[in-house]
Every structure is written in structure tokens, then in C-alpha cells.
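*Asks:* These protein sequence lines map, in sequence, to chains A and B. For the first sequence, the working numbering gives the first residue as 1, with consecutive numbering after it. For the second sequence, the working numbering gives the first residue as 378, with consecutive numbering after it.
Hints in this document: simulated from the structure, not taken from any laboratory. One or more hints might be untrue.
[Claimed, not checked] According to the in silico footprint, chain A covers these stretches of chain B (three or more CB under 8 Å from chain A):
| id | region |
| --- | --- |
| 1 | 436–444 |
| 2 | 599–606 |
[Stated by the list, open to error] If you want a taste of the chain B side facing chain A, the calculated C-beta under 8 Å gives, among others:
| id | residue |
| --- | --- |
| 3 | Ala427 |
| 4 | Pro430 |
| 5 | Met449 |
| 6 | Val451 |
| 7 | Asp452 |
| 8 | Gln533 |
Here the structure is a predicted model, which is why all the values come from computation and not from measurement. All C-beta atoms in this analysis are idealised placements derived from N, C-alpha and C, irrespective of residue type, glycine included.
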Amino acid sequence: MAGQTHSHTDQTVTRRVYSRDPDAFGVPTGREEEWRFTPLDRLGGLTRPIQPDGKIVVDVQAPAEVSVRTVGTDDPAIGGVHTPSNQVSALALAGIHEAMVVSVPAEVAASGPTFLTMRGEGGSQYGHLLVEVGAGAAAVVVVDHVGTATLASNVEYRIGAGAALTVVSIQDWEPTAVHVESQTALVGRDARFKHVLVTLGGALVRISPTVRFAGPGGDADLLGLYFTDTGQHQEHRVFIDHNAPRCRSRVTYKGALQGEDAHAVWIGDVLIRPEGVDTDTYELNRNLLLTEGARADSVPNLEITTGEVLGAGHASATGRFDDLQLFYLMSRGIPETEARQMVVRAFFAEVIDKIGVPELVERLTTAVDDELAKVGR
Amino acid sequence: MATLAIRDLHVSVDDVEILKGVDLTVASGQTHAIMGPNGSGKSTLAYSIAGHPKYTVTRGEVLLDGEDVLSMSVDERARAGLFLAMQYPVEVAGVSVSNFLRTAATAVRGEAPKLRTWMKEVKAAMADLEMDPAFAERNVNEGFSGGEKKRHEILQLALLKPKIAILDETDSGLDVDALRVVSQGVNAVRASTDVGTLLITHYTRILRYVTPDFVHVFAGGRIVEEGGPELAERLESEGYARYAALAGSGPAA
Ligand SMILES: Nc1ncnc2c1ncn2[C@@H]1O[C@H](COP(=O)(O)OP(=O)(O)OP(=O)(O)O)[C@@H](O)[C@H]1O
Ligand SMILES: [Mg+2]
Chain A
1 MAGQTHSHTD
11 QTVTRRVYSR
21 DPDAFGVPTG
31 REEEWRFTPL
41 DRLGGLTRPI
51 QPDGKIVVDV
61 QAPAEVSVRT
71 VGTDDPAIGG
81 VHTPSNQVSA
91 LALAGIHEAM
101 VVSVPAEVAA
111 SGPTFLTMRG
121 EGGSQYGHLL
131 VEVGAGAAAV
141 VVVDHVGTAT
151 LASNVEYRIG
161 AGAALTVVSI
171 QDWEPTAVHV
181 ESQTALVGRD
191 ARFKHVLVTL
201 GGALVRISPT
211 VRFAGPGGDA
221 DLLGLYFTDT
231 GQHQEHRVFI
241 DHNAPRCRSR
251 VTYKGALQGE
261 DAHAVWIGDV
271 LIRPEGVDTD
281 TYELNRNLLL
291 TEGARADSVP
301 NLEITTGEVL
311 GAGHASATGR
321 FDDLQLFYLM
331 SRGIPETEAR
341 QMVVRAFFAE
351 VIDKIGVPEL
361 VERLTTAVDD
371 ELAKVGR
Chain B
378 MATLAIRDLH
388 VSVDDVEILK
398 GVDLTVASGQ
408 THAIMGPNGS
418 GKSTLAYSIA
428 GHPKYTVTRG
438 EVLLDGEDVL
448 SMSVDERARA
458 GLFLAMQYPV
468 EVAGVSVSNF
478 LRTAATAVRG
488 EAPKLRTWMK
498 EVKAAMADLE
508 MDPAFAERNV
518 NEGFSGGEKK
528 RHEILQLALL
538 KPKIAILDET
548 DSGLDVDALR
558 VVSQGVNAVR
568 ASTDVGTLLI
578 THYTRILRYV
588 TPDFVHVFAG
598 GRIVEEGGPE
608 LAERLESEGY
618 ARYAALAGSG
628 PAA
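Construct the complete structure from the given sequences, taking the supplied hints into account.
*Replies:* Spelled out as C-alpha cells, the structure:
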């Protein structure tokens, strides 16, 4: 696999601007660090205010102890965790009329996962989701995006002290969808946050998950799996803000790319602030190029402003599919499709094995196999 | 009874002709040894028969029981009964040996072996080759020592039971004990399955365990002399100098 990329000197992390006011950012030109990888002409107009004309139908399956409701934007909880750091996110926050809230009361362990299926039925839309998990509670929330939409959205996770939240966000859109989303998690003292981002579909998907800590001892495990096909732009911009002592973060993103103009972007920003003493962080991104014509940009960026870290590292590698491996497997009688599946499944296993939501393992394994079959080789 | 017939085989790599007309017939139960200097094209022959994408056959044919091997895909060749123990086995990250072996056996046999008998079969085959059962849970060839990789190749030979096996320098890199164990493994397969064997080697020491019926001298991309086991002894003492002229302009020229 190819080498590592370092860019410690890049001050993009600390130069981040936060505001609810879209004008604080201005309309993106593509020259900004924030937007330089994104084809702005393919954002479906989301860089300017839109008149929402689309429809997203939400199907909810939740255990009784988990409440799922819709609130108005005057609800004080909305925007309490997430402050936009780009203009599309600010436009979305300003443009919503309501928000969806998933709440798990303190000290309650949800008896099963909560599934939110968001089915886009065309048109443009703004969206907002807040997931609140009270102190000492535990829950698994799966958010599934299907159908098609041009969607700008924000997601907030408020995780109470000692709580455990697993979120799986699946972008299984139809090929026409455009989805730009910012997410922010506030991880409470000694709380655990597992975040799994799966991007399979869509024409352009750009998700920016941010993690921040509300107290010491928090743990954030961010897993990503993407399969970028012909013509797709899939961008994942992770930011871990180590703003509290003794927190741990792991970022593991793996992507397979195939086909002409398949483009994946991974940005992994980690900032260890002066208060982030005894931070333990490691981020990794690996890309597997299955065919010619696909491109992966991978930019890890670690900024350390305290002398006392437990561990801080990153790795990024992009490699081609190994034809020798394929030959070896096939020389033992294994048909090509199956041999490819074995290699790609093995590549993703590190992520899929860690998701820890049994309901999803088979679906994701099958989804990867199906993606692989698409090229029809 | 199976026959692998190689006729007038010419093979190029990146437009450089490496094999310049190879004729060789291997039948069930026979063991043919191929010996020849480095770079003479022995592995090229082995890989070309297996269908490695790097090699282009420009002339000639390879037939297995009259079937055109060259028109088959790599996996079809294996399912037709060909097996190549590679000089440099490939690491496959994240794929366990047990998953790999079962998938291969399922493909070659046309149906998934029954789990219980399969486990026994693998265990026994590994024991025969004095392989630690822990290898089953490791990833294919990943971090294996040179000798361990070779044992793993012969383990596959034992489990896949091909009609014709090509062993490319399976003996290289083996210590004396490993050589004995691996040779016994090869002999056990020969005894139980009547496999036809094409054994590529630089040393007579493996031939003391695995006695060849025929020895072929390979030089400059073709077979330049053939004989019985005694030819191997002579090569070991005299080297290949006398074949330099016969080889003509070598592939590196
Ligand atoms: N891409 C290439 N271009 C030119 N020559 C090549 C290329 N690839 C391989 N060769 C040459 O083909 C020749 C045959 O190689 P091969 O591996 O078949 O030899 P061998 O007889 O197996 O040698 P050894 O005993 O060292 O294993 C070598 O001279 C090698 O350098
Ligand atoms: Mg060789």
C-alpha cells in the first residue's frame, strides 16, 4: 500500500468558523479549504437558500422506552449541540420548520435498536435530527437514507455522562440523490459513542461528523465504510475535537472505489487542545481502487497543542486491487466473482466486524457484494 | 487416466519471448522433473499452464485430456484438474486459511464438503505435513515463513487432489526435516490419487524422495535434453555449461 500523508502544518482545524448565520460563511467558491474537494456544480443548488419542495417520509421502529417525536424549531434543544461550520449547514439550520428528536431517558438501556428510515421522494429538502441519550443510558440508533432527494441536513447527538450510544448512518440513496450533512456529537463524561457511517448510494454524498467532549473520560469510535461507484462523489470529513482530558478516539474509514470518475474524499482532522491532556487518538483511512479511473483523496490532519498525550497517530493508504491475489485464489478453482468478493470482504471486515449491530452485519456484507457485482466483470 | 500435453508452446512477457517451443507430455502416475538454470523459463512454463495474466501464449497448445487448456480461465483450469504449487505463494490479507481451503475445495469438488468430515480431512492433512493446526486461523500466507508457505501449497495439493500437479521449486527454502515432510506429503498424494507430477527443481535432494520417471533439462526457454533419474545426478555434478550453446540466445539477450 502507498505511503502516508502528513500535514501537521495545515491550520485548517483551528481556523474553523462556527456560526448559525449563513452569511458568516458566504457562498462557497470552491477555493475554500472546506470546499476544495467538492464539485459545487453538483450540489443541486444547496449552496444557496432553497424553497423546500421535496418530501421525505420517515418510518420509525423504536422500542417503547425510546421516544421519537417531531418538535418545532423553537424547541431550545435544537441547535444546542451543533453549530454550523459551513454555509450549507447554516442554511439548513435556518431553513427547517421542524426537527425530529429521538430521546432515551437517563439510566435506561434500550431493549433494541431504533430504526429511522428516511425515504426521499424527490425534490429538495432541509432536515434536522437530534438524538439525546440521558446519563447512564444505552441505545442503538440506525438511520437509513433511501429513495432520492436533494437534502441538506444537520444531526446532533447529546450523550449524557456514562451513557453509551451507537449510531449507524446509512446512505443507501438512489443514484440521483444529493445529500450534504453535518453531524455533531457531544460526548459526556465517561460516555461512549460509536458512530458508523456507511455510504453506498447517491450521486453526491458529503457527510461531516464532528465529535466534541463535554467532560473527561469520553470514548469515540468512528467507523466508516464506503463503496464509490462510477460517477459518484462521496466525501467524509471527520473532525475530532479533543477539548477535554483523558478522552480516547479511534477513526477507521475504509472505502472501495470502482469505475470511471468514482471519487472518494476522506478528511480526518484531529485537534488536541491544551485541555486535552492524556488524549489517546488514532485515525486510519484505507482505500482500495478496484478499477482504473477511480480516485481517492485522503487527508489526515493531526494538530497537537498539548505536550501530554497518551498516543496520537494516523495512517492513510490507497492501493490498487491486487491481481496476484486474484490469480492465486482463482488458481485454486475459485471463480473470479467469488475471489473478488473474498478479497473485498476481507478488506472491509475490520470495519464490519466492529459495528456490533447483528441486525446490520448481513445486510452490509450483502450490500458490499452487490456493489461489487455492479461492475459486471 | 489423465494426460497433459504441451505442444510447441511459445510464451512472451511484455513482448519478450521467454518460452521458445516447449513439448512435454505428462500422464497420470508419472513424475517428470524439470531442471535448468535460473531464468531459463521454468516458472514461465508453470505459470503459463496455470493461466497467469502476465504471460501471453503466442504459439502452440496445452491440452488436458484433449481439452484446450489455454482457452479456459484460471479457475476453470483448476477445476479441470490442474494444480500449481507456486514458487512464491501469494499473501491474501484478511482471508483465513480455513475459509480459503473450504472455498477452494467447494469450487474444485463442485459441492461443499460436509463440515464434519471436512474438518477431519483438513486436520489429518495438516498433521501429515506437521503443520500446527493454528495455521487454519491465520490469513493465507500472511507472515508465513518460506518453508511454511511451501507446506501450505502441498496441503492444498493434498486437499484438492488434482489430475496434474506442477510443483515449482517446492523444495527451495526447506530445511532437511521440512524437505522430508513435504516430500512424504507429495508421495502420499501420488500414492493415493495417481496424480501426474511435473516437478521443477534445482536440486537432486528432493528427487531422492520423489523419484522421477523422467528428467528434462530446460535451457533458453525449451527442453534441451531428456533422460531418466541418472540425468539429474549428472546435472548436479556437471552443471548446465554444456547446454549453453544449445540454449541459443537466452531470453535475457
Ligand atoms: N517483464 C519481463 N520482461 C522481460 N523478461 C522477463 C520479464 N519477466 C520475466 N522475464 C524473464 O523471463 C525469464 C524466465 O523467468 P522464469 O521465472 O520463468 O525463470 P526460471 O527458470 O523459473 O528461473 P528460477 O530458476 O530463477 O526460478 C527470466 O530471464 C526473466 O528475467
Ligand atoms: Mg522459477
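*Asks:* Taking the hints in turn, state whether each one holds.
*Replies:* Structure-based check of each hint:
| no. | hint | result |
| --- | --- | --- |
| 1 | 436–444 | violated (count 0) |
| 2 | 599–606 | violated (count 0) |
| 3 | Ala427 | holds (5 Å) |
| 4 | Pro430 | holds (6 Å) |
| 5 | Met449 | violated (11 Å) |
| 6 | Val451 | holds (4 Å) |
| 7 | Asp452 | holds (4 Å) |
| 8 | Gln533 | holds (6 Å) |
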